[in-house]
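Hey, can you work out the whole structure from these sequences and the hints?
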Amino acid sequence: MATFKLIVDSKKADTFAHLGRAEQLKAAHLARFTWDENEISEATKELVLKTTQSGSTCLYLPKKDWKAIFFDMDSTVIEQESIVELSKAAGKEKEVAEITEQAMAGLLDFTSALRERVKMLAGLPDQVIADVAKTLKISKGMHELSKAAKAQNIKLYLVSGGFNSLASGVARELGFDGFLANELDSEEGILNGLLRGTIINAEAKAQFLIETCQRLGIHPNDTIAVGDGANDLLMMQAAGARVGYFPKSVLLPHIFGAIFKGHDHSALIHAL
Numbered sequence: 185m186a187t188f189k190l191i192v193d194s195k196k197a198d199t200f201a202h203l204g205r206a207e208q209l210k211a212a213h214l215a216r217f218t219w220d221e222n223e224i225s226e227a228t229k230e231l232v233l234k235t236t237q238s239g240s241t242c243l244y245l246p247k248k249d250w251k252a253i254f255f256d257m258d259s260t261v262i263e264q265e266s267i268v269e270l271s272k273a274a275g276k277e278k279e280v281a282e283i284t285e286q287a288m289a290g291l292l293d294f295t296s297a298l299r300e301r302v303k304m305l306a307g308l309p310d311q312v313i314a315d316v317a318k319t320l321k322i323s324k325g326m327h328e329l330s331k332a333a334k335a336q337n338i339k340l341y342l343v344s345g346g347f348n349s350l351a352s353g354v355a356r357e358l359g360f361d362g363f364l365a366n367e368l369d370s371e372e373g374i375l376n377g378l379l380r381g382t383i384i385n386a387e388a389k390a391q392f393l394i395e396t397c398q399r400l401g402i403h404p405n406d407t408i409a410v411g412d413g414a415n416d417l418l419m420m421q422a423a424g425a426r427v428g429y430f431p432k433s434v435l436l437p438h439i440f441g442a443i444f445k446g447h448d449h450s451a452l453i454h455a456l
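Quick note on this note's numbering: the sequence shown kicks off at 185 and runs consecutively.
These aren't lab readings, by the way, just hints derived from the structure by calculation.
Just so you know, even glycine gets a beta-carbon here, dropped at the ideal spot from N, CA and C.
Quick list of in silico lysine-lysine cross-link-like pairs, DSS-like style, CA-CA up to 30 angstroms:
1) Lys189 <-> Lys334
2) Lys432 <-> Lys272
3) Lys272 <-> Lys303
4) Lys210 <-> Lys339
5) Lys445 <-> Lys272
6) Lys251 <-> Lys334
7) Lys229 <-> Lys189
8) Lys195 <-> Lys234
9) Lys189 <-> Lys331
10) Lys276 <-> Lys432
11) Lys432 <-> Lys248
12) Lys251 <-> Lys210
13) Lys339 <-> Lys189
14) Lys432 <-> Lys445
15) Lys278 <-> Lys445
16) Lys196 <-> Lys210
17) Lys339 <-> Lys247
18) Lys445 <-> Lys247
19) Lys321 <-> Lys339
20) Lys324 <-> Lys210
21) Lys229 <-> Lys195
22) Lys229 <-> Lys445
23) Lys210 <-> Lys334
24) Lys195 <-> Lys331
25) Lys445 <-> Lys276
Here are the simulated distance ranges between beta carbons:
26) Asn222 <-> Ile374: 55 to 61 angstroms
27) His327 <-> Leu291: 31 to 37 angstroms
28) Ala335 <-> Ala211: 14 to 20 angstroms
29) Glu226 <-> Ala281: 35 to 41 angstroms
30) Glu367 <-> His327: 25 to 31 angstroms
Encoded structure:
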């Protein structure tokens, strides 16, 4: 018998009345159900899917000793898409934003789309990266979630299809235990429109989770993955639980629920 926790926008709590009486988390505008079951029923999963498809926060997790959480960066841990922010300096914001949106929705191959966007950055000075780093905004609730996870000895990792020159600062600010991201190539201080080394695509994200678990001596089933786009799906499927943060619709059938408008990353604290 396992214990499950389900948190839901308090306005949608009646949808899950079959789970018993909810604990009202008034300050967070959430309701939390806790119940015992061999495994979560298909009927409950379907209700979670319908609730998230309506744009309401709802997610469930089995109660366990979680060991690590792996986060996507762009539009998840930070509010912006970092490559779009870089593209502004090149006058290519519209083009890059359109490709980014399609790639996140799973309509374009991520690796090809990334290479195409990086080409548009050619000619920019390295200094642009440092300038953009100063403008990145940590998503609401991330500092609180990081603090709460650390208090439970949960390790935190940033796994990004963005760039390590930006991801490193974000990971450091939040006290993460490690990060993985792409590396922009440059010549004499000028970006040349190329990437250096392995492309951090969906497969690389999943592999990082698996290899990190092996290094730590933990099982992937004891980890949570948080993301928002198609490039996060394989990493999520490698984890024991998968949570969307304002996710694209392509993710909804595959995850344990999502956080939407009116709530932030701190909502996940109530499910740990």
